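This is what each chain is made of:
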Amino acid sequence: MKLGKQSWRFSNAVYLASTGTTAGPLEKQGPIGTEIDKTYDKLHCGEKNWEAAERTLMREAVDICLKNVNKKPEDVDFFMAGDLLNQVVTANSIAKEHQIPHLGMFGACSTSMQTLALAAQFVDSGFADSVLTAVSSHNATAERQFRYPTEYGGPRPKTATFTVTGAGASLVSKKESPIRITEATVGRVIDWGIKDVNDMGSAMAPAAADTITHHLEDTGREPSDYDMILTGDLSSVGSPILREIMWDRGIDINGVHQDCGLMIYSPNQPVFAGGSGAACSAVVTYSYVANQLKRGKLKRVLVVATGCLHNPIIIQQKESIPCIAHAVVLESIGGE
Amino acid sequence: MEFLWAFVIGGLICVIGQLMLDLFKLTPAHVIVSLVVIGAFLDSFGLYDKLIKFAGAGATVPITSFGHSLLHGAMAEANQHGYIGLAMGTFTLTSAGITSAILFGFIVALIFKPKG
Amino acid sequence: MGSINDPKQYKKNIKAFHPKTNYFVSCLKAFIVGGFICLIGECIEKFYLAFTDFNQNTVGNPTVATLILISSLLTGFGVYDKFGQFAGAGTLVPVTGFANSITSAALEHKSEGVVLGIATNLFKLAGAVIVFGVVSAAVFGIIRLTINNLLG
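Protein chains in written order, with the working numbering: chain F, 1 to 336; chain U, 1 to 116; chain A, 1 to 152.
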């Protein structure tokens, strides 16, 4: 059911039935490393190249997600997945392996909530009984596609973000489980003129602010109605900017705002301003946050996955970075 | 003394590069390209040769010396063969550097695996 | 200053949120590391002068080649990029940075094969240096040669 201008309320009960997360070595050493289902000690994840490593991360996340609820790929109606590589090749490869009817998705780092929102909508409207979603990113595949070769010594500024190596998968279904998906807000593309790809936090903060503002308007809620408003990858630069933008709009999110990019790494790790990438919001949401919701430690969380929709060519052509944010509300149905 | 000047002059050229990165927000590629062009320019009036005589490796190791060597080799040939000589001599002095960079780069790429 | 919600002024208004670059520290790091690489170069040069028949005019060749070998190996072992993040221009500006740009590009594209991966991408980053070096040498060369000719 449409709610306000750009939100949906899932009037039939839709649940986050299962999740699966995988990550690389740096994420393993991070504060939520123990919450992640499977971690690798090597960035290559036992594969011969980076792209194969990213496929392994997504394949494992999907397998874990299905295994948690004793499902097989053929039990799932649709697969919605995306990643950061050209033509979302990682997601397409996994879809090929599992032979589930597949919709490739691209929303850059916002793909995690884009897929989750649409999966919930499919199930809510009765077009599917269960939908599997997955996103992945890999530090080295992203580096070589968007920046420089991984061994290149050119220094990066402090505002840069560090692409998370990992993958997150989720199963959305009608079957009752501890986490309910209640609302979603589809974001608009916002571009306030930032051209620096080493400053994506600043570029994405206005997109996150736009989506949060409209979400609160559409649902008629206050920030305090949420235990946590979780942004995807604004990092230590974009997070305070978002809070300032919201404060200026008369909305105080200071007490409830958290950022996945700051939760996945500890401040002493060499990750510049914090984590980014499609897996950043997915890994944090589907591991730590999902566990907190299951236990009832968190009651209602707004996950706002933020994404930069540029490619290296338009940046070299001096265009600014178009950004988007999609939001999904997750609620605990009780817990202990 | 030669060692000290190599350190100081080499370090100062790197500081110029660092200021280009920090102050002018240039990309690494723009910094290197600018320094090469500056090096070629300083070959005029033998300025860079004086710097090499003074600082040794402090002037030959930074990338500015690449621009200087390209022009220096070109001018040496040009003195004998005129404008055509410019094209003949461009790579004479930099041959060792470019050849070894290609060769070692290729061999290392064959042997190693990127670490990330 | 105006509101942070003004998209036109946004870029200017968020400057306060950006971490400050300590120019002194970054320049000091570049100075020490860059100077140290040149010092190593000077030592290598002295070595070749003492033990081989290279003279003051030709000794630059083996010196640069040796530094390039060291840099290529450090790139292969995956440590040059770590130095680079610390030293900034200190490892970028010396000829070792040039070798790193060639080796890192070749290494990164190894997975696409020897011809289309390594060989095609070898000059992906370093190509600009050679292009601008040659073009600027040609421009300055033509100017200087013309002036010399005019002056007789």
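Don't take every hint at face value.
[To be verified] To give an idea of the interface, some chain F residues facing chain A are shown, with a C-beta separation under 10 Å as derived from the structure:
hint, residue
1, Val197
2, Gly220
3, Ile241
[Unchecked claim] Calculated pairs, EDC-like style, for lysine to aspartate or glutamate (alpha carbon to alpha carbon, straight line, at most 20 Å):
hint, chain 1, residue 1, chain 2, residue 2
4, U, Lys115, F, Asp191
5, A, Lys15, F, Asp191
6, A, Lys82, U, Glu2
7, A, Lys20, F, Asp41
8, U, Lys115, F, Asp41
9, A, Lys8, F, Asp196
10, F, Lys195, A, Asp53
11, U, Lys115, F, Glu47
Think of the hints as simulated: they come from the structure by calculation, not from any bench. Since the model is a prediction, treat every value here as computed from it, not as a measurement. Note that beta-carbon positions come from the ideal geometry of N, C-alpha and C, so glycine has one too.
Each hint tested on the structure:
no. : hint                : result
1   : Val197              : violated, 14 Å
2   : Gly220              : violated, 22 Å
3   : Ile241              : holds, 5 Å
4   : U:Lys115 x F:Asp191 : violated, 35 Å
5   : A:Lys15 x F:Asp191  : holds, 17 Å
6   : A:Lys82 x U:Glu2    : violated, 29 Å
7   : A:Lys20 x F:Asp41   : violated, 34 Å
8   : U:Lys115 x F:Asp41  : holds, 13 Å
9   : A:Lys8 x F:Asp196   : holds, 16 Å
10  : F:Lys195 x A:Asp53  : violated, 54 Å
11  : U:Lys115 x F:Glu47  : holds, 12 Å
Violated hints for the displayed structure, listed by number in ascending order: 1, 2, 4, 6, 7 and 10.
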